[in-house]
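Novice: Chains P and B supply the protein sequences, listed in that same order.
All the letters of the first sequence, read from the start, carry residue numbers 9 to 489 under the numbering used here.
All the letters of the second sequence, read from the start, carry residue numbers 115 to 211 under the numbering used here.
By construction, these hints were calculated from the structure, which means they are not laboratory data.
Please read all numbers here as calculations on a predicted model, not as lab measurements.
There's no promise every hint is true.
As the list claims (entries may be wrong) - Once the Cα atoms are required to be at most 27 Å apart in a straight line, the calculated DSS-like pairs of lysine-lysine come out as:
1. P:265 with B:191
2. P:210 with P:220
3. P:391 with P:265
4. B:191 with P:108
5. P:220 with P:78
6. B:191 with P:444
7. P:419 with P:78
8. B:191 with P:419
9. P:125 with P:365
10. P:125 with P:356
11. B:191 with P:78
12. P:419 with P:125
13. P:125 with P:108
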Amino acid sequence: MEIRLTELIIVILYFAAMIGIGVWANRSTRTQSGFWVSSRDVGSWMVGLCFFSAGASGSLMISNPGFALKAGLAGIITMISAITVSYMLAVTLVASQLRKMGKYTVVDLLEERYGSKVLTGLSSIVVVVAFLFYIAVQIKAGGMIGAFLFNISFGKAAAAMTVVFVLYVAIGGMKSVTLTEAIQAVLMLMVMAFLALTIMIKEGGFGELYSKTIENVPFYGGLNPDFPYLALVGLFITWFTMGIVSPHFVMRTLSAKNGTVARKGILIGAVLTGFFASLYILAVSLAEGAFFIGMADTDQAWVSVINRYFSPFLVGLTLAGVMAAVMSTTAAQLLACSASIVNDLYNKLINTQASEKALVGLGRFFVVVVAVVAFGVAMSETKIMTLIVTTATGFLASSFFFPIVLGIWWKRMNTLAAVWSGIIGFAVYGLVYAFKLFPTGETIIALPISGIVAIAVCLLTPPPPPEIVGMQASWHEGDSV
Amino acid sequence: MNQNHCSRSRHAIGYLSLRNPSIYLSIVLVVLFFISLIKSLSTVYLGPFAVMTWLSFFMCIGVPILIGGLFIILQPKWDTRYTGSRKTACADEGKEG
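Only chain P is shown next, with the shape it has when bound in the complex:
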């Protein structure tokens, strides 16, 4: 076995271009706003492409077709539909209001609404923990591709990928993420559509491929009888909340020019994700099910599929596309995680007088720290990537969904209710997860309990002061910012 040269050259050229753009973008990241939210000047198509690219992560490209064969198409398509519906939920419930608050992170907005240091501290810890899992998944995906390209061990490849991620995020901030993401999103859309079409044409259409897959995986078109249907509901609920609770999506909303642009952008992202992800997963999982079902590792099956259908040049381009997905998601997540540590923990609780220059410098330092810790998590975590990401999202949903949504929409919602809703939601999710009471269905229990606690505590305690109620009302005025 030797190094795959053609594929490697294409991927290296791609990385060089992306890092170049990062360096170029560095000129406009002297301020905090430039580093975190791209100076808030992004248009709706750009927001849409970034939403698509952040959602279509490495786990979607590599792991989801394999998950389709394990759970059945009903399982995976339910998850994708939950993601697109979650964008709708973000559009209608929070996009415009979040943009108007003019804050950088999820924790920022919780602090603005509730003004509680306890809540700020707790929520930034939740964000950091959840993001370590998210980033670990992306490093895993990057490591797998690197191992394929160089014929080296997974560990070495993952370490090399971590260095590349850090370089381009620490240098450029959100501006580089936004610029490169738009390019990456276009490349990914092309790869998804082209791979799906090639598979269908080469195998003589859908019918032929489907009958082969059904022979190997009889439940493929529906749900695996061993996969509990309640877990399907849990999967839906978890991903349904993603557009609201995932801080890297919230940051996309904040980088939009204004509330209307944010809403339109999210809608564009939702249509792109729903259509292209469904098409891609259907085609790739059919090919995996028909020809590579014997492979123990489904992620390896994905590499075999592209090798079977594409020339080395196209394999290189596809890997660059997937690396693009991995890179953009990791970049956004590294930023969100570092933002949480620097803005929410350090600047608000430890040193409120820190200069802007010091905060940007610390932001870059923590990008490196977070990447190193996430690398450690990636090396130790052995589960399917899709399920690791689901767990991280579930933690965020159980802790933040009700404090965010009720905080924006319910005047009566107060600080105590938000604190207890977050703590109980997080604790119940953690318990159900740790004791494996309801695998992948944890949110079915944790999310409603968090909601009930929020409402009950709120009704039993005094309403918030008038200035908070006034501020909450101002988020719903007009759409121009």
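Starting from the known structure of chain P, fit chain B onto it as the hints suggest.
Specialist: Just chain B now, kept in the frame of chain P:
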């Protein structure tokens, strides 16, 4: 007739109040209904795929297009209505917008 309508609305709002115990029973029943629906939809096939798969697939594409379309059609109307009412309110109070 108008009074009837008002009392019906008040009744509906009264029922939807979170202090009303029957709302919690309704929520539980609705959740159970959806769970049993999902169970049956994921095992009943329509053509090559289960009904659940078809529904989810159309939800992926249909919901964003539907809500997006409504948003694009209704947004200018909401904006006009809001701007109009804000101007009137400000004029009434003798303030600037």
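Novice: All hints are to be evaluated individually against the structure, with a verdict given for each.
Specialist: Against the structure, the hints:
1. P:265 with B:191: 21 Å, holds
2. P:210 with P:220: Holds, at roughly 14 Å.
3. P:391 with P:265: 39 Å, violated
4. B:191 with P:108: Holds, at roughly 20 Å.
5. P:220 with P:78: 16 Å, holds
6. B:191 with P:444: Violated. Residue 191 of chain B to residue 444 of chain P sits at ~50 Å, over the 27 Å cutoff.
7. P:419 with P:78: 45 Å, violated
8. B:191 with P:419: 26 Å, holds
9. P:125 with P:365: 24 Å, holds
10. P:125 with P:356: 8 Å, holds
11. B:191 with P:78: Violated, because 47 Å separates the two Cα atoms, which is more than 27 Å.
12. P:419 with P:125: 20 Å, holds
13. P:125 with P:108: 22 Å, holds
Violated hints for the displayed structure, listed by number in ascending order: 3, 6, 7 and 11.
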